[in-house]
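**Student:** The primary structure of each chain is shown beneath.
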Amino acid sequence: AAGMFLRLLSDIQWRAAHPKWRRMTSSQRSTSTTAEPQPVALPAQAQVVICGGGVMGTSVAYHLSKMGWKDIVLLEQGRLAAGTTRFCAGIVSTARPVSIELKMAHYSNKLYQQLEQETGVQTGYMKTGSISLAQTQDRLISLKRIASSLNVMGIPCEIISPKKVLQLHPLINIHDLVGAMYVPEDALVSSANVSLALATAASRNGVQIHERTSVSHVTIQKGYVTGVETDRGRIQCEYFVNCAGQWAYELGHSGEEPVHIPLHACEHFYLLTHPLKEPLSSSLPTVVDPDGRIYIRNWQGGILSGGFEKNPKPLFTEGRNQLEIQNLQEDWDHFGPLLSALLRRMPGLESLQIMQLVNCPESFTPDMRCIMGQSPTARGYFVLAGMNSAGISYGGGAGKYLAEWIVNGYPSENVWPLDLKRFGTLQSSRTFLRHRVMEVMPLMYDLKVPRWDFQTGRQLRTSPLYDRLDAQGARWMEKHGFERVKYFVPPGNDLLDLDHSKTFYKPDWFDIVGSEVKCCKEAVCVIDMSSFTKFEISSTGDQALESLQYLFSNDLDVPVGHVVHTGMLNEKGGYENDCSIARLSKRSFFMISPTDQQVHCWAWLKNHLPDDSNLVLEDVTWKYTALNLIGPRAVDVLSELSYAPMTAEHFPSLFCKEMSVGYANGIRVMSITHTGEPGFVLYIPIEYALHVYNEVMNMGQKYGIRNAGYYALRSLRIEKFFAFWGQDLDAFTTPMECGREFQVKLDKGIQFLGREVLLDQKQNGVYKRFTMFILEDHDTDMDLWPWWGEPIFRNGRYVGKTTSSAYSYTLERHVCLGFVHHFDEKTGEELVVTTDFINQGEYEIDIAGQRFQAKAKLYPFSSLFTQRRRKDEVELSGYQRE
Amino acid sequence: FYLTPSQVNSILKANEYSFKVPEFDGKNVSSVLGFDSNQLPANAPIEDRRSAATCLQTRGMLLGVFDGHAGCACAQAVSERLFYYIAVSLLPHETLLEIENAVESGRALLPILQWHKHPNDYFSKEASKLYFNSLRTYWQELIDLNSGETTDVREALINAFKRLDNDISLEAQVGDPNSFLNYLVLQVAFSGATACVAHVDGVDLHVANTGDSRAMLGVQEEDGSWSAVNLSYDHNAQNEREVERVKMEHPKSEEKSLVKQDRLLGLLMPFRAFGDVKFKWSIELQKRVVESGPDQLNDNEYTKFIPPNYHTPPYLTAEPEVIHHKLRPQDKFLVLATDGLWETMHRQDVARIVGEYLTGVHHQQPIAVGGYKVTLGQMHGLLTERRARISSVFKDQNAATHLIRHAVGNNEFGTVDHERLSKMLSLPEELARMYRDDITIIVVQFNSHVIGAYQNEE
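Chains A and B, in that order, are what the protein sequence lines are.
Okay, so the first sequence: first residue is 1 according to full-length UniProt numbering, each after it adds one.
Okay, so the second sequence: first residue is 1 according to full-length UniProt numbering, each after it adds one.
I should point out that these hints are in silico values taken from the structure, not numbers from a laboratory.
Treat the hints with caution; some may be incorrect.
[Said to hold, decoys possible] If you anchor each label on the Cβ, the simulated ranges turn out as follows:
#1 231(A) - 453(B): 40 to 50 Å
#2 6(B) - 340(A): 25 to 35 Å
#3 381(B) - 232(A): 47 to 57 Å
#4 136(A) - 381(B): 21 to 31 Å
#5 6(B) - 136(A): 30 to 40 Å
#6 435(B) - 471(A): 37 to 47 Å
[Said to hold, decoys possible] Once the Cα atoms are required to be at most 30 Å apart in a straight line, the calculated DSSO-like pairs of lysine-lysine come out as:
#7 768(A) - 857(A)
#8 572(A) - 144(A)
#9 448(A) - 144(A)
#10 855(A) - 448(A)
#11 162(B) - 247(B)
#12 373(B) - 310(A)
#13 572(A) - 66(A)
#14 304(B) - 313(A)
#15 127(A) - 110(A)
#16 252(B) - 310(A)
#17 304(B) - 277(A)
#18 304(B) - 260(B)
#19 826(A) - 572(A)
#20 287(B) - 252(B)
#21 20(B) - 313(A)
#22 66(A) - 127(A)
#23 855(A) - 502(A)
#24 313(A) - 13(B)
Fair warning: this is a prediction, and the values are worked out from it, not measured in the lab.
We put the beta carbon where it would ideally sit given N, CA and C, even for glycine.
My request is simple: use the sequences and hints to build the entire structure.
**Tutor:** Here it is, written out as structure tokens:
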């Protein structure tokens, strides 16, 4: 929340019972004239200190106190709900494309609905419903996709015709609409009052609330939060929650050890009008017109309308400026295009009189998703901020998940998409954030088709081969700041606008990727996989092995030179990470994890490894370029370049050897591919990268070598039923649930993390099952393509959602991967999912409301393996075999 | 083949220059907000010059455009020297003494002018010593002549113009031991230049003009429309008074040969100019100087050629006409431009285009609804209009550039036609001069608040 009243140094302790609270909300600026009660001294210590009295801070306080924690202090530098929360448009909308965000919004809606009854504070809650308009067919498809996910969650929602739109809202001009989505239970609230209601309830539960108290910094010792310094003294605490909204970034950087919270504010404008001649009903639905970039809600008989313009105005890049936030100007010229869109949508409003154009800064994040969770470097330091202007929709749910996180160690849902640890220091550059949020804000209402990429903040981390690959037609995407090749546009194939084509149907790279896949299967391809996270763990004695044996479910006490695929599981047996670990020597290990694990995995290991100076963990991601040689001829290329026999007898699968490639010595070669095809990954010290690449390409010529990108890799791994962490696997999925029992060594003699849960699942079965679906009646050329998040129906009943999908060039069919649950038909209770249950169902996948028949499989097609495999490859190829 | 819009822009913007009068403590006490200037060459090299400077020992700002002919040497020399002559003419006796003493004792000189120059506007280093000595001689004479009266701007301007032209003439007659300089001073004297110079000090605007460049005041009428007020008279055959003057200065017998084909002696378009000693010196003097001069001069047919019917020189003078104008709040800007602009555009159009440009830029001042009753529809109309205005000027950050764009690219409807603009700008060097002349423009923007305050004081 924003601070405003610097002149006033006095403080009052905020009490729910205090009769003055109403005045505080109605006259935010006139408080200086009222007599101030004596400030109440801050406590010397508390278990939790929350900074920020907006909807986020109060929601966290509310939920923590509900969960029984009482020793909580909430500090607000100005007044409660006086920052972004005060200005918020108050729309509670559940129509969210990301599943976890949808759940948060759904919970918020239910919470706000009963909040007035619970607290006695009027929240202005009004169930108006919302209508999202589509001006184009593509927009309608994206709405239908959302409607599908809302429906399976039990949230009423329907796709309606333009005529129906007019019935719901008589002011709307429907002549340019192709359809709309109606969510009848969406609501309006007064967001400031919701915060006050949450504060009231929290206060009754014992939370102490202090206004006009600003936190200067948080003290951290030995990686733990020890307290906060405020302008009114110090409070010792165990937990600190940064809910400082647009100031969260700066607050994170104010201490000696910075906590990077990548968010950046942009100005956000909305218009308030006087009432219409015939005042609008307060139950009139909220209208969202994403193609016009605007939203419109009823407001005191008139309207409130704002939007997300194409050319946002970022602000506070240089940091906080107290004067500015008060004096943010209305900018009518800037609002002009949105006003045009409003009058086009509701021409009848021409004669409506303007009351005010409100300029209310909102904070945005680099990937359009909010930020929650614990700092990777400071334990006890939690964050909840960066709401991308959906703070009131997420407030309730986000506060609940964060409270659960603090109390239970992890929330009740998978919140990885929102986890602070998906970011590192690399997303914390002010320039990066400024540029990225200028892209993110308009993106709020842009059409998002499968596999869109951010365009700003690019080319930050690159492989040394970047220019070489780029010159050969590489098209790029970005993961965790790292540029990765999607595919290579062949020479002479002038597809200039390839990157700009937006479609929910068959994309124009289809044939390009097809030929890359073919080459992987029949000859050999090179894929630059340098972005993957690479750690080395070594010790003087057996500490490394002992620690890893505890942290990983597979048996790592293998002979030197072996590579092991294993999950890094939590107490509940869920995947915190999925990695490949090579035993380099008795006492050192080399660990490869997904790109976006760099911060999370590091923090997990740091938190779980014993504090032993003889045990060394090092991030060596930047030291190696990784080249993946995929295909049956990879072995020929490599043996010619190294003069070493590479046949299965000398170099079996899942092995790791240091060898020479060309002139370069000390190349770490592993016989793994991440796709199930035969091949190798070469870990090359970066200075040799260009040399080795050139040698491989030259030598490979006679074997038909070519470059390939990640889209080919995706297609290969999905048709082979390989699960990827972050997409298919998460902290709520165990190896037993995804057919990876073979990677779990329950009897390795160590009570490793998650073992008990896995043992129980082995004995009693699992409640969801990772399944592969082959779409049967889906026309690749004509039908909508699956993406992820599509509902799965078994015998007509919803059983789960897909997690990834790809076209299989081998099967010539689409393949979707996803989890199947077994909900009791009457109670909805989750039952054990058996192999029979999977096999005996008739399946359908719902793509934007259209259902396609699918065949379910628990094991990959063996016929796909055109090459006869070496006998010791059973484990590799049979990732999913039991 | 057409130039792309960005190629067109880079050509148009190559010589643009802007100066904003700095504010002190948030106050701009000057009646000038700043100026934009630009040049578009047609000759290669361009023969136009421009100058702008702030007087440091007296108040006021000097701005001028200079249109050279028969080469750029004279225009270059005038652009470097004239403002010093004007500044010195304006200096009080004590300051002149102080400066002279400083020079005498080898102390650092008080700076007289602060130049506002585009990087392409150069000073000839080789001649600086020579120029300085001439200037010093001038101020020494001023010291000796000490009249004790305060300097009148009009008189100072006239004196400066005449004195400089005289010095140019003398330097050429005397010559210089350095052969390069010797040739240079002859080139300066034998080529010519017109000058149109404005001196702004508070509400007092003086324009001194010699030749056919022009100064024009942009006035905003009460209804918001724009009108043009001329602040100079063209010295050419179209100006009857000027023709009259020339005829008066020469015997009746020459009446017919004085002005032929709208040119002085059938040769020269401007009726007043710096340099051009061929129209000022006696035939004997011309012959003597040319013969004793360097070979390059001797080989030049133009310098050797004596104008026909050349009986009673001088036929040409550098003496300017000075117009004084008291600035009013409605006087928003002053345009100084060489004839390259005025040949293609009417002054009324110039006033309108610059006026709309400047207000368009200013209209970016935010709109505030405040307590007014405004409907969504009214606001929408207002914003649409503002957008249209801004988008027509957004390409140029410089009023002079904007004016050149119109001067070169205007079609019959008075709007910029990119195709035409592109064609005109891609003409080969040897053809360009046939379709257009060098254009040099300075647009001075006035500070209406300060001017209003001056008025109230009076």
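**Student:** It remains to establish, for every hint, whether it holds in the given structure.
**Tutor:** Hints versus structure:
1. Remark: the range hint 40 to 50 Å for residue 231(A) to residue 453(B) is upheld by a beta-carbon distance near 45 Å.
2. Taken as a hint, the range 25 to 35 Å holds for the pair residue 6(B) and residue 340(A), whose Cβ atoms sit roughly 28 Å apart.
3. The hinted range of 47 to 57 Å is satisfied by residue 381(B) and residue 232(A), whose Cβ atoms lie roughly 52 Å apart.
4. At roughly 28 Å, the beta carbons of residue 136(A) and residue 381(B) sit within the given window of 21 to 31 Å.
5. Here the CB-CB span from residue 6(B) to residue 136(A) is close to 32 Å, well matched to the stated 30 to 40 Å.
6. Distance hint check: the CB atoms of residue 435(B) and residue 471(A) are about 45 Å apart, consistent with the given range 37 to 47 Å.
7. About 14 Å separates the Cα atoms of residue 768(A) and residue 857(A), which keeps this hinted pair within 30 Å; it holds.
8. In summary, the hint linking residue 572(A) to residue 144(A) is not supported, as the alpha carbons are separated by about 35 Å, beyond the 30 Å threshold.
9. With a C-alpha separation of about 13 Å, the suggested pairing of residue 448(A) with residue 144(A) holds against the 30 Å cut-off.
10. A distance of roughly 28 Å separates the Cα atoms of residue 855(A) and residue 448(A); the hinted pair therefore holds under the 30 Å criterion.
11. Taking the CA atoms of residue 162(B) and residue 247(B), the gap is near 21 Å; set against the 30 Å cutoff, the hint holds.
12. A C-alpha spacing of about 29 Å is found between residue 373(B) and residue 310(A), which places the hinted pair at or below 30 Å, so the restraint holds.
13. Proposed proximity of residue 572(A) and residue 66(A) is supported: the alpha carbons are some 24 Å apart, at most 30 Å.
14. As the CA atoms of residue 304(B) and residue 313(A) are separated by approximately 67 Å, the hinted pair breaks the 30 Å bound.
15. Between residue 127(A) and residue 110(A) the alpha-carbon distance is near 11 Å, which keeps this suggested pair within the 30 Å criterion.
16. Between residue 252(B) and residue 310(A) the CA atoms are separated by roughly 75 Å; this puts the pair beyond 30 Å, and the hint is violated.
17. For the hint pairing residue 304(B) with residue 277(A), the CA-to-CA distance comes to about 88 Å; that exceeds 30 Å, so the pair is violated.
18. Our distance criterion of 30 Å between C-alpha atoms is met by residue 304(B) and residue 260(B), whose separation comes to about 21 Å.
19. For a cut-off of 30 Å, the pair hint linking residue 826(A) to residue 572(A) stands: about 28 Å separates their Cα positions.
20. Of the pairs offered as hints, the one joining residue 287(B) and residue 252(B) holds, with about 26 Å between alpha carbons and a cut-off of 30 Å not exceeded.
21. About 27 Å separates the Cα atoms of residue 20(B) and residue 313(A), which keeps this hinted pair within 30 Å; it holds.
22. Using a Cα cut-off of 30 Å, the hinted pair residue 66(A) and residue 127(A) holds, with the two alpha carbons roughly 25 Å apart.
23. Between residue 855(A) and residue 502(A) the alpha-carbon distance is near 29 Å, which keeps this suggested pair within the 30 Å criterion.
24. Pair hint residue 313(A) plus residue 13(B) holds up; C-alpha atoms about 28 Å apart against a cutoff of 30 Å.
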